[in-house]
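Undergrad: Protein chains in written order, with the UniProt record's numbering: chain A, 1 to 407; chain B, 1 to 151.
No wet-lab data here; the hints were simulated from the structure.
C-beta: ideal position from N, C-alpha, C; glycine also.
Warning: the hint list may mix true and false statements.
[What the hints assert, rightly or not] Computed far set for chain A versus chain B, every beta-carbon distance over 10 Å:
(1) H63
(2) I127
(3) F257
(4) D344
(5) M367
(6) A399
[Unchecked claim] Derived DSSO-like pairs: lysine-lysine, alpha-carbon spacing no greater than 30 Å straight-line:
(7) A/K302 with B/K125
(8) A/K368 with B/K138
(9) B/K19 with A/K398
(10) B/K125 with B/K50
(11) B/K83 with A/K400
(12) A/K397 with B/K19
(13) A/K368 with B/K90
(14) A/K302 with A/K74
(15) A/K400 with B/K19
(16) A/K398 with B/K90
(17) A/K397 with A/K386
(18) A/K397 with B/K50
(19) B/K149 with B/K19
(20) A/K398 with B/K138
(21) B/K138 with A/K397
(22) A/K398 with A/K266
(23) A/K400 with B/K131
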Amino acid sequence: MTNLDYVRSHFPILDQEVNEHPLVYLDSAATSQKPKSVIEALEGYYNRYNSNVHRGVHTLGSHATDGYEGAREKVKNFINASSIKETIFMRGTTTALNTVAYSYARTNLSEGDEIVLTLMEHHSNIIPWQQAAKATGATLKYLPLQEDGTISLDDVREMVTEKTKIVAMAHVSNVLGTINPIKEVAQIAHENDAVIVVDGAQSVPHMSVDVQDLDVDFYAFSAHKMCGPTGVGVLYGKQSLLEEMEPVEFGGEMIDFVELYDSTWKELPWKFEGGTPIIAGAIGLGAAIDYLNEIGMEQIEKHEHELVQYALEQMNTIDGITIYGPNERAGLVTFNLDDVHPHDLATALDSLGVAVRAGHHCAQPLMKHLQVAATARASFYMYNNKQDVDVFVDGLKKAKEYFGDVF
Amino acid sequence: MSFNNLDTLYRQVIMDHYKNPRNRGQLEGDHITVELNNPTCGDRIDLQLKVENGVVKDAKFEGEGCSISMSSASMMTQVIIDKPIEDALKMSEMFSDIMLGKEMEGYEFDIESLGDIQALQGVSKFPARIKCATLAWKAMEQGVEKDDKQG
């Protein structure tokens, strides 16, 4: 990316030492760092116009409402939804997926129906469907993975049938980095009158996503992985589907009229936003979207692609390394080093200031499929540079030597 | 060497237990089994205890995990075999306090009685790894409880 130093200067957290080494943050797939503009947007809200939305007659109340609804407009444009009615603020991807599993799946599924998932899903795109299947008598089916960690469209065509009511999958795998062919899968799902639900937690932060072009029915993502604050995310849903769905949470904010024994709901999107909404979070997400647009999603995607290809190249020079997932991938690498347990490796890297993730990455079925108990993962974002990769790869070599020596 | 600070964590004796675990395997005959995992990281231990008249007669473990969790399990089995349950539990409490970096005062056993386990003291400086070290001990505590219930 041109002017990477300029980008890095926007992230105050990067300018520090950890364990007496400059911080090399390679855990953005878990949560991304936040640029100054996002931190300032949150501060600005709390310092100058903190107030509840939609109900106050006073000036601060209308500023807060403008901020909150303005953020929704930004989200709508960012993913190219056709209306703000289709963009609902929620706590995060997990809540968004659970909402679809509760409200849509439990009403529309019955015994004999099938939900098709893939083996690479994050727990948050497995368990809600397990629960929905138990509640309705529907059956779960898992698309197999090919050798390189991708799915095959032939398998999709075979497994998705008229019995299928829901196809749920990640756009990008948080472990393998696989980019799934969502547009093609959506088409197959629709040919069979099924809906497609996409976990976009690892895609929206890193690539342009156009929900209309993909023709997805539901799409979920989290702000904190895309430079925004924690505690807020988005459920996109096609208006026609959302109109038919019942809210999951009932209370203030989401009602139209309340009688003693019955009530009616507000129109979309507010009927799904019971209680005082995530005002500061949404405003922070709006600022994050402004920031991503300023850098440019295509730039970000290109930069991460270059970086991950460089990382793969460097990592492949290390004897005894196993890298999981396809070569053509999003900006993350999950791997294992012979004779060094990933936790030990993560501790060794941490002592060099390098932050990586170790564990099962909330994807136990995938770990089982890969026949490993745990793996290490390095994930990149727009603020990482080649030097980060070099320090990381050098750390891997040192760790290999260290643990080789002590054995 | 840039990893000097790691030596406080990865002592030679820990690595020895990791590479050559003691009491790894399956117990024959009557015994208690506890399977415990650390859901955040995927470490798993399968601990088997043979308890007779309130004394741990034998202990073995199987499992998967990092050097800290597996060496801790190996060292623990070594020290609890032939100990009354009561003593094993006291040691567990002491070990947990060591991990939390508490002052070592007022214990029935001195630290030397923990044998090789002393080498794990350095873990207290790595908060993210404390759960690895205590996994086997937690399994032992659950196993002893099971024995209690079974009478």
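Undergrad: If a hint holds in the structure, say so; if it does not, say that too.
TA: To see whether the hints hold, each was checked on the structure:
no.	hint	in the structure
1	H63	41 Å, holds
2	I127	13 Å, holds
3	F257	45 Å, holds
4	D344	5 Å, violated
5	M367	7 Å, violated
6	A399	8 Å, violated
7	A/K302 with B/K125	40 Å, violated
8	A/K368 with B/K138	25 Å, holds
9	B/K19 with A/K398	19 Å, holds
10	B/K125 with B/K50	34 Å, violated
11	B/K83 with A/K400	38 Å, violated
12	A/K397 with B/K19	20 Å, holds
13	A/K368 with B/K90	37 Å, violated
14	A/K302 with A/K74	23 Å, holds
15	A/K400 with B/K19	15 Å, holds
16	A/K398 with B/K90	39 Å, violated
17	A/K397 with A/K386	17 Å, holds
18	A/K397 with B/K50	43 Å, violated
19	B/K149 with B/K19	35 Å, violated
20	A/K398 with B/K138	33 Å, violated
21	B/K138 with A/K397	34 Å, violated
22	A/K398 with A/K266	59 Å, violated
23	A/K400 with B/K131	24 Å, holds
Of the hints listed earlier, those the structure fails to meet are numbers 4, 5, 6, 7, 10, 11, 13, 16, 18, 19, 20, 21 and 22, in rising order.
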